[in-house]
Every structure is written in structure tokens, then in C-alpha cells.
Amino acid sequence: MDIYLPIAEMSVNLFLLLGLGGAVGFLSGVFGVGGGFLMTPLLIFIGIPPAVAVGSEASQILASSFSGTIAHSRRGNVDFRMGAVLVAGGFLGSAFGVWLFAQLRQMGQIDLAISLAYVVFLGTVGVLMLVESVQAWFRMRARRDTFTRRHRHLWLHGLPFKMRFHRSRLYISALMPLGLGFFAGILASIMGVGGGFLMVPAMIYLIGMPTAVVVGTSLFQISFVTAVTTLLHAVNNYTVDVVLALALIVGGVIGAQFGSSAGAHLRGEQLRILLALIVLAVCVKLGYDLVARPDDLYSLAPMSH
Amino acid sequence: MSAGRLPRLIVLLALATVLPHGDAPRAQSLVADLSHHLIAITTAFVGTQVVAFGVAEGGGDIVVTVQGPREDVIVRRKFRVAGIWVNRERLAFRRVPAYYVVASTGPLEQIARPDVLAQLDIGTEYLDLEPIDASGLEISEIASFKEALVRRKQELGLYSREPIPINFVGEELFRTTLKFPANVPPGIYQVQVFELQDGFATDAQRSTLIVSKVGLEADIYDFAQQRASLYGLMAIALAIVSGWLAGVIFRRG
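First to last, the sequence lines map onto chains B and H. Following the working numbering, the numbering of the first sequence begins with 56 at its first residue and continues without gaps. Following the working numbering, the numbering of the second sequence begins with 906 at its first residue and continues without gaps.
Simulated from the structure, these hints should not be mistaken for laboratory data. Just so it is clear, CB atoms sit at the ideal spot from N, CA and C, and this is done for glycine as well. Among the clues, some could well be false.
Rough simulated footprint, nothing fancy, chain H against chain B, three-plus residues with beta-carbon under 8 Å [stated by the list, open to error]:
(1) 64–72
(2) 118–130
(3) 157–167
(4) 225–231
(5) 251–263
(6) 293–304
To give an idea of the interface, some chain B residues facing chain H are shown, with a C-beta separation under 7 Å as derived from the structure [claimed, not checked]:
(7) A267
(8) V308
(9) L345
Per label pair, the in silico range of CB-to-CB distance [said to hold, decoys possible]:
(10) H:F984 with B:A172: 18 to 24 Å
(11) H:K1084 with B:A139: 29 to 35 Å
(12) B:P357 with H:E1014: 53 to 59 Å
(13) H:V956 with B:L155: 21 to 27 Å
(14) B:L329 with H:F1128: 37 to 43 Å
(15) H:P1036 with B:T266: 55 to 61 Å
(16) B:L171 with H:G1041: 23 to 29 Å
(17) H:A1123 with B:M162: 37 to 43 Å
(18) B:Q190 with H:K1084: 55 to 61 Å
(19) H:L1061 with B:A267: 47 to 53 Å
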């Protein structure tokens, strides 16, 4: 059954969208990630204009991260004070990102910018995750306890505007989470991702937050940033397709439920290796498309102004 | 190419009224119409067909052209920079038809000379595509951009590759089926039916076809364009409510 997307101005099979939403939702349920980094490239692969993919995906991530935030805050796993600072940075970052997006679009470089950002970030995160999880797996097989992550004090923590974050048991400069939030906001608006794949490691290793509150706080921040990104894309670029978003949300919600129960049966290290491989596969595909000679060197775009 | 829109119309009118070819003058030798004058893009729209049909008593060739709404289009060309393919050169074209299809009773080159075809906007290769600010570009480069514009439109199914055949049913009744893909741009379409004899247009008829989003599709699109901030807030509300609903439903189960 085909459904016409009013903003993308094309018709797509509804079951394909539900299936994509379900598959990515399943993976995000298994791995506990938002899945935007998979969904946006997949939407582009099936022919959705990149700008519409990014704008609509923001509202899908909002739905799933909002749902996750409620669940985590019920268990007390959200550091709202830290979240508020991250969100403040995120608002600035996403405003800057949407402006940058419009500029790049006018210059005809937005597709390139999206692909490059994906290749760089997915490549980096994928390799780091693969190395870390393979090492952890070998250590586990050698039956040694390795849970000894220790909060190191970096020079970044000593910047001015120090703030106390009770829930995270930290007394650090507010500039750090502010900067991290800003950076994640830019990624959300240009790549159509929540940025969890980058935020979670950064919050653990850079800020030094306890792992228990990291996921909940990151989801809290992502909810706000994707909400603002959705609004800004709708107002500046007219690229939010609610029909597309709704189909993805429905598929994603169902997939995520099956995913989280499936994830409970798998080992942490194996999961992370698998996720790292998926991340790297997307990275390689996008990277290959950048260097391979395109079928047609010419492309068309409407003149907007 | 040199004739503007108004002189061309006058020429057509003059041809249509003053020069009926054949042995006996007739009041009107060409009558044509479309099976639909409105293409409604609904939620389930997957493309459609419109039949153009008519009666031509003159016994000449029949050509039908359909032109979509006109808009300025940017054509970009990729070059390899440091190993990756990057858009480097661009050329914009003024008022390019978003959709262009031609149907005819035979090969265009056998029906009329290129200058006649160009004057009547018949055939993709004779379309008058005018570049905006082509300074600094070679003639051959401009030609490649123009070719690319037509080629990409053809790949999108928005321009015809070969003229669609027009079939005669009996001596005078003709018909042809025009296809409109799912990605057909909304707007006002001009359909022109020409009768040509000995390489010249002897009669012409023009009618319009409207392609429009209707119902929910139209409402969503108009809402997103005209009340963008409210639309954005609604999109946020929709996402939050469905996220919350999902939590409620699956916590019970």
C-alpha cells in the first residue's frame, strides 16, 4: 500500500516505512540507542530527500527519547540539573546547526555535509566501540573483573563557572556540559540524529558522570534538542513531514518493545561488537558513495530564492 | 528561438484562423479535449493517466504537448576534489517546465523542421531552456548543463524520452494516453494539441489541466507552508503524545 508524503512530495510504500521504523526500533531496543544514525541514511537510501529525512527524523527521535525519559526519570536516573545545562547548550547548538543547514543547502553542499559528518562520526565511534568491546570480551573470557572505570580529573573540569551536580556527584565547570550540549545540538540539526551515540561516551569519559544516570540524562537532553530542531526545521526549511514521522514512530515503538526483550538475552560485549559492526557498515556505505564516481555527475535543485 | 511568447501566439492564431490547408476551407478542423482536467493528489496517489483525444479532419499529423508549471532550476555538476565528489559548478535555468511530455503521430523530425518545432516548443531537444548568468561558461558546457537538465528530468519520469504514440481510430478520431507519475509537481499544466501539414501548424488547441493536492495532503502541505511555526509545534506535540502513549500501552503489557 502506497502512501503519499505531503512534504517529501513522493509516494512510498507504507509497509516499507513501518518495516524500517520497526527494524531500527528493534535495534534501538536491543542496544539502547536512538537509532537516528541508522534511520536517516536509510531514508536517504530509499529516496527521501536528505533535508526531509533529517527534519522528519528529528520528530521521530523526539517521540522515542521522550518515552525513554519518562521511564528513566521514574527510576530516578535523570540528572535534571546536568540535563538543563546540556539542553541550554543544545538549544544554541541546534539554532546554529539549522542556520548552517540552510546555508549549506543554498550552496548545494548539504548532501555532502550530511554524508561527511556521518562518515567521520560513525567511523570514529564505530572503531572506538569495536576496539573497546572486543577487548572487554577477551578480558571477560579470561575471567577477570574489569569494572574499574575511575573518574579522572581533566583540565576541562577546572574551567570557570563551576557548578555542583548532586545526582552525578560532580563539581565541575558548567562550560563543559554546555559545550557538549552545543556540539550535540549541531549534530542533531545537521545529521538528523539524537546524538546519543556520541553523548553517552562523552558523558562517561569526558564529564565523568556515573553510568547509571548517563542514559536517562542523555535522553532528557535529546528530547529537548530534537523538539527545538523539529520546530526550527519546520519554520526555516519546511522539511518536517508529519506523515513520514508518524509512520516511523508507529513502526519504531513496536520494534523497540521486541528489541528490548531480545536484548535482555544477549551479552553486553557481544551486543556492543554487533552495534559497532552495524555502525561501521553504514559508515563504509556512505564513505563509498562519496568516493565512487556517481551515476550522473549532474543534479537538479529548485532555486529557492 | 527568437520569437517571444506573444508573437508566437499571434502566429498560432493566424495559422488557426487564416490558413486552413486542404482543398475546402472548414470552420474548425481540429477539436480536442482531455479525459480529466483535474489530477487530485490524495493520500493513496501513485500516479495517473489522462487521455487526450479529438477529431482532426484535415488529415495532417497531430502533436500533443503537456507543460507543467514553470520554475527556476539549478543544475549542479560534481567534480572530484581530494578523492570525493563535490558539487563545484552550477548553472541556473529560467522558468523550466516542471513536467514536459510530447505525443505525436510520428517521428518529430519527419513532421516539421527544427525551427518550427522550437517555435512551437515541441520535443525536449527543442525546448527553450534559457540559462541565467552563464558568464564564464563555454558554449559546450552550457549545452552539457542543458542536456543534464533534460536527462535528470527524464530519469524522474517528468520529461518524455521518445514522443508517445498517438493512435488514429478510423480516419479522423485520434487518442493518446499521457502518464503522470506519483512525483508529478502540483500546479497548472498547459496542454496543446497541434495539427501540422507539410511541416507547418495548421490548427492548434490549448487547454489546461490542474494538478492539485486535495484533502488531508493539501491541508498538511498548506499548513506547513503558511503556518510553519504552528505546524512545527503540532509536530512536536504529535511526537510527544505518541511517545507518551507508547510508554503507557507497553508498560501495561
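Okay, the hints, checked on the actual structure:
| no. | hint | result |
| --- | --- | --- |
| 1 | 64–72 | holds (count 3) |
| 2 | 118–130 | holds (count 7) |
| 3 | 157–167 | holds (count 3) |
| 4 | 225–231 | violated (count 0) |
| 5 | 251–263 | violated (count 0) |
| 6 | 293–304 | holds (count 7) |
| 7 | A267 | violated, 20 Å |
| 8 | V308 | holds, 4 Å |
| 9 | L345 | holds, 4 Å |
| 10 | H:F984 with B:A172: 18 to 24 Å | holds, 21 Å |
| 11 | H:K1084 with B:A139: 29 to 35 Å | violated, 56 Å |
| 12 | B:P357 with H:E1014: 53 to 59 Å | violated, 32 Å |
| 13 | H:V956 with B:L155: 21 to 27 Å | violated, 49 Å |
| 14 | B:L329 with H:F1128: 37 to 43 Å | holds, 42 Å |
| 15 | H:P1036 with B:T266: 55 to 61 Å | holds, 59 Å |
| 16 | B:L171 with H:G1041: 23 to 29 Å | holds, 27 Å |
| 17 | H:A1123 with B:M162: 37 to 43 Å | violated, 32 Å |
| 18 | B:Q190 with H:K1084: 55 to 61 Å | holds, 58 Å |
| 19 | H:L1061 with B:A267: 47 to 53 Å | holds, 51 Å |
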